[in-house]
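Chemist: The task is simple: from the sequences and hints, build the whole structure.
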Amino acid sequence: MATQIFRSLDEGRFDSRSVITVGTFDGLHRGHQAIVDELKREAQARQGSATVVTFDPHPQVVLQRPDKPPVQILTTTEEKIALLQREQVDRIFVIPFTLEFSRTPSDIFVRDILLRRVGLQAMVIGHDHGFGKNREGDFATLQRLGTELGFAVREAPPFEMNGVTLSSTKIREALLNGEIEKASQYLGRPYTWRGTVEPGEERGRTLGFPTANLRPSDEKKLVPANGVYAVWVEIENFHQRRTAEEKKYPGMMNIGLRPTFEKTTRTVEAHLLDFSGDLYGATLNVHFVARLRSEQKFDSPQALMAQLQRDKDAAYHFLLKC
1 MATQIFRSLD EGRFDSRSVI TVGTFDGLHR GHQAIVDELK REAQARQGSA TVVTFDPHPQ
61 VVLQRPDKPP VQILTTTEEK IALLQREQVD RIFVIPFTLE FSRTPSDIFV RDILLRRVGL
121 QAMVIGHDHG FGKNREGDFA TLQRLGTELG FAVREAPPFE MNGVTLSSTK IREALLNGEI
181 EKASQYLGRP YTWRGTVEPG EERGRTLGFP TANLRPSDEK KLVPANGVYA VWVEIENFHQ
241 RRTAEEKKYP GMMNIGLRPT FEKTTRTVEA HLLDFSGDLY GATLNVHFVA RLRSEQKFDS
301 PQALMAQLQR DKDAAYHFLL KC
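Counting in the working numbering, the sequence shown tops out at residue 322, every number present.
Hints listed in this document are in silico derivations from the structure and should not be mistaken for laboratory results.
All the pointers check out, no bait thrown in.
No farther apart than 20 Å at their CA atoms in a straight line, the calculated lysine to aspartate or glutamate pairs in the EDC-like style are these:
| id | residue 1 | residue 2 |
| --- | --- | --- |
| 1 | Lys220 | Glu78 |
| 2 | Lys247 | Asp274 |
| 3 | Lys321 | Glu179 |
| 4 | Lys182 | Glu160 |
| 5 | Lys133 | Asp56 |
| 6 | Lys68 | Glu219 |
| 7 | Lys220 | Glu79 |
| 8 | Lys170 | Glu181 |
| 9 | Lys221 | Asp56 |
| 10 | Lys248 | Asp313 |
| 11 | Lys68 | Glu173 |
Cβ-Cβ distance ranges computed for the label pairs, FRET-style:
| id | residue 1 | residue 2 | range |
| --- | --- | --- | --- |
| 12 | Asn134 | Pro301 | 49 to 57 Å |
| 13 | Lys321 | Gln64 | 33 to 41 Å |
| 14 | Asn177 | Ile5 | 30 to 38 Å |
| 15 | Ser276 | Asn237 | 12 to 20 Å |
| 16 | Ile108 | Ala314 | 52 to 60 Å |
| 17 | Glu136 | Gln307 | 52 to 60 Å |
| 18 | Glu100 | Gln302 | 54 to 62 Å |
| 19 | Ile108 | Phe298 | 57 to 65 Å |
| 20 | Phe101 | Asp299 | 49 to 57 Å |
| 21 | Arg116 | Ile5 | 17 to 25 Å |
| 22 | Arg144 | Pro199 | 53 to 61 Å |
| 23 | Thr165 | Arg266 | 26 to 34 Å |
No residue lacks a Cβ here, since even glycine has one placed at the ideal position from N, Cα and C.
Modeler: Encoded structure:
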């Protein structure tokens, strides 16, 4: 059965059999996936509906402090919904997150929203989950409310990889350090970034490596560290008759300031290795596979061209292993 998606509480349908997990789930990494697996097992055991309650936008976007750097997200709401659909949950509630909503006390959130609006027979939450005003609610809060209101609660254990407790913060740190393969391990898939092709200076074309200059589809989406990357690129709605595999192209991604040409504006550019055609206006989904090198300044365009050829060979090496 297809996943039911509700983009507000008013739109949602009450189901007293709901087994619920609540969270931001930014990135839907392997730790989140373990919680969702536990949710589905619990729902099956109770003959209930596996229900994910999440928020749009990311709460930190609404609660952004002016003295802190802007929040950088790993998944947009639409990406998160698509990933949850792939996990085959029964229902997804996307609650609009506002400043007013952020002031909802934890008890009211559980009683008036989860129990009375969504429906609740049991909950599964992460080991460090906080909810409600100032994240005052925790596992102990849910145990107390469960006893009072008649629902069960289970706490999923922390998810560790190589001795590291997984979190969205750890993945952001890895991407900002250019540690693409570590981020992929934590996510359980390559990190994906989406952008629309817009006109650029066409300098890459003169070097024999035409690039698609990309404007981010979401300004809050995290851009990995400056450097050159091996990537797979999907062109949305391109060649409708092609299969999904045929729409995926090997490529190189350059992120940075282009110091060889004395530029100071950060750009994101993709070069598709097995493609020729006009991409202006197209939307590309870029899947990061490996970081080939850091950004460098070259003595001449010819030296840059020679390095780009080496980058191309290295990109093929990584991509053919995928």
